[in-house]
Amino acid sequence: MNSGYVIDVTGLRKRYGRVEALVDLTMTVRPGEVFGFLGPNGAGKTTTVKLLLGLARPSGGKGRLLGAPLGDREARRRVGYLPELFRYQPWLRAREVLALHADLIGLPGPGRARAFDDVLGLVGIADRASDPVSGFSKGMQQRLGIGVALVGDPALVILDEPTSALDPLGRIDVRGILRTARDRGAAIFLNSHLLSEVEQVCDRVAIVDRGRVVAEGPLAEVLGEQETRIRVEGLAPAGLAALAGFGDPRLDGDDLVIRQLPADRVPDVVAALVGMGVRVHGVTSGRESLERRFLELVGRSRETAA
Amino acid sequence: MIAIARLTIGEAARRRILWVLVVLALVAVGVTGWGVDRLVTIARASGSPELTVQLGVSQILIFIAFQFSFVLAMTAAFLGSPAIASDLESGVALALLARPLRRTSYLMGRWLGLAIVLVGYGAGSAILAILVVGWVSGYTPPSIALPVVYLVGEGLVVLTLSLLLSTRLPPIGAGAIAVVAFGLAWMAGAIERVGIAIAANNPGVNLDIVGQVSRAVLPTDGLWRGVIYGLEPGIVIAAASGQPLAEANPFFAATPPSPAFLAWAVAWVVLVMLVAAFSLRRREL
Numbered sequence: 523m524n525s526g527y528v529i530d531v532t533g534l535r536k537r538y539g540r541v542e543a544l545v546d547l548t549m550t551v552r553p554g555e556v557f558g559f560l561g562p563n564g565a566g567k568t569t570t571v572k573l574l575l576g577l578a579r580p581s582g583g584k585g586r587l588l589g590a591p592l593g594d595r596e597a598r599r600r601v602g603y604l605p606e607l608f609r610y611q612p613w614l615r616a617r618e619v620l621a622l623h624a625d626l627i628g629l630p631g632p633g634r635a636r637a638f639d640d641v642l643g644l645v646g647i648a649d650r651a652s653d654p655v656s657g658f659s660k661g662m663q664q665r666l667g668i669g670v671a672l673v674g675d676p677a678l679v680i681l682d683e684p685t686s687a688l689d690p691l692g693r694i695d696v697r698g699i700l701r702t703a704r705d706r707g708a709a710i711f712l713n714s715h716l717l718s719e720v721e722q723v724c725d726r727v728a729i730v731d732r733g734r735v736v737a738e739g740p741l742a743e744v745l746g747e748q749e750t751r752i753r754v755e756g757l758a759p760a761g762l763a764a765l766a767g768f769g770d771p772r773l774d775g776d777d778l779v780i781r782q783l784p785a786d787r788v789p790d791v792v793a794a795l796v797g798m799g800v801r802v803h804g805v806t807s808g809r810e811s812l813e814r815r816f817l818e819l820v821g822r823s824r825e826t827a828a
Numbered sequence: 091m092i093a094i095a096r097l098t099i100g101e102a103a104r105r106r107i108l109w110v111l112v113v114l115a116l117v118a119v120g121v122t123g124w125g126v127d128r129l130v131t132i133a134r135a136s137g138s139p140e141l142t143v144q145l146g147v148s149q150i151l152i153f154i155a156f157q158f159s160f161v162l163a164m165t166a167a168f169l170g171s172p173a174i175a176s177d178l179e180s181g182v183a184l185a186l187l188a189r190p191l192r193r194t195s196y197l198m199g200r201w202l203g204l205a206i207v208l209v210g211y212g213a214g215s216a217i218l219a220i221l222v223v224g225w226v227s228g229y230t231p232p233s234i235a236l237p238v239v240y241l242v243g244e245g246l247v248v249l250t251l252s253l254l255l256s257t258r259l260p261p262i263g264a265g266a267i268a269v270v271a272f273g274l275a276w277m278a279g280a281i282e283r284v285g286i287a288i289a290a291n292n293p294g295v296n297l298d299i300v301g302q303v304s305r306a307v308l309p310t311d312g313l314w315r316g317v318i319y320g321l322e323p324g325i326v327i328a329a330a331s332g333q334p335l336a337e338a339n340p341f342f343a344a345t346p347p348s349p350a351f352l353a354w355a356v357a358w359v360v361l362v363m364l365v366a367a368f369s370l371r372r373r374e375l
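Here the protein sequences come in this chain order: A and B.
Counting from 1 along the first sequence, just add 522 to a position and that's the residue number in the working numbering.
Counting from 1 along the second sequence, just add 90 to a position and that's the residue number in the working numbering.
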């Protein structure tokens, strides 16, 4: 295991009675990156987070968090965590919740007030700093939870579904918060099933299904090859064969799909199609969406399991 | 641990638990003082000798302490039973225990914070009640500190049991079991007392084992006997000791708790906390 990783787990397993929540989880997260941990409900995402933080014990495998064995107390001093089920003492004021967590990580007194102001401002609840948590909406409590996770400038921030209670504006705010935290040097482990969220902020992703990582790597790599989609009408199979010179064309419904087509050859394909009497309704070029790739990977993983 | 203890006391204050306890204590002491004053005034007016009045007040004080020991035990159970369980159920514990906080420290902090609240309430109410009764009747027990220490000891035992149960059971279940266990321990002690009285005339009868087992399992009744002993005037102890009917009285104690029993009571709290810490450490969140 490379101690340079903030998270480094190999063959992690977790069994709850007869249910195997994690089968064989292997992944690494590097310092300073935003890492998206994606998976359908029940894939083992929250279980993974609990194992990383020592809130549950693995049934097998090994792992390190910030270079220390999973559950190590000193390592947890440098980790911020927003649980999926976020709940803070309703009788405390927002600033007092931060102070409690600052106490628990041993944050020194001088500079605390400024650090709290900074965090509360970053998560957008500076004007409610002195209000009791009991008066907060769920969205505000989630913002506070993100603030709690950022107290003390942790080296690693683990956020479990951090936008589940936020409106679209709040979700945009969170993207900004994540980027700010990354710019300050924190690695961020973003556990989410919201693909658009992950797609927009993550440097690397892992897709997990049924307790296994089915894909891991830089976002562009996991998304796969660039492809060009041309909405066509009247393309016969013979015409498809005639386009072989442009790569490996295939039909996906009404779309003609050609992978790895250089941008400067797109007009040539369109001209060839028009020359064959095919009507062209539109052209889009780009990578597969994360959603499409996710469905493909999860579907493939389930076919293999079956 | 200190941060959690401070948090626990702060919670009791913010959620007005402390203030409710203070008001309840003042009301209870006020009613007690008024009632004892009336009784003493009536007894003296009807010509009862002063010694009879003083003995009567000592017995009333023991009865009041008996009632209050139940109140304190229930308070301990209702403070202790949700202390861990509700944090685990609500998810508050997830954010706390992901910090560099040992689960044992979290448990100890909870116990310490609640113990301070309970001791403050129990000792404050008991001392105030004894002083007020002394003021209106002229009777104060031989020692104020001794019965109060035994009384809050009872509360701490119930608190410790509640916290242990709270590591595994929902708050209501943990609280109900702790209160029932306290009641059963008292009943076992009463059965033992009756057994002693019967044994005086029937040497073959021996119910000591009931009380001994109960005191070992839950030392509240043994501590309660210390409360009685501490509140009794010396003359009652001297006159009633060895009398079968007096020995059978659940509100009479001829001897104080033995040092061995007191050592066991302290060890019991430590052992139960160790089991609670083990239980919490093994629990998957």
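Just so you know, these hints were derived from the structure itself, not from any lab.
Please read all numbers here as calculations on a predicted model, not as lab measurements.
Using N, Cα and C, we set each Cβ at its ideal position, and we do this for glycine too.
Hints may be right or wrong, so weigh each one.
On the chain A side, residues computed to face chain B include the following (Cβ under 8 Å) [said to hold, decoys possible]:
no.	residue
1	Lys572
2	Arg579
3	Tyr610
Checked hints:
Contact between Lys572/A and chain B, as hinted, is supported at the beta carbon level, the nearest pair being about 6 Å apart and thus within 8 Å. At about 7 Å, the closest approach between the beta carbon of Arg579/A and any beta carbon in chain B falls short of 8 Å, and the interface hint on this residue holds. At about 7 Å, the closest approach between the beta carbon of Tyr610/A and any beta carbon in chain B falls short of 8 Å, and the interface hint on this residue holds.
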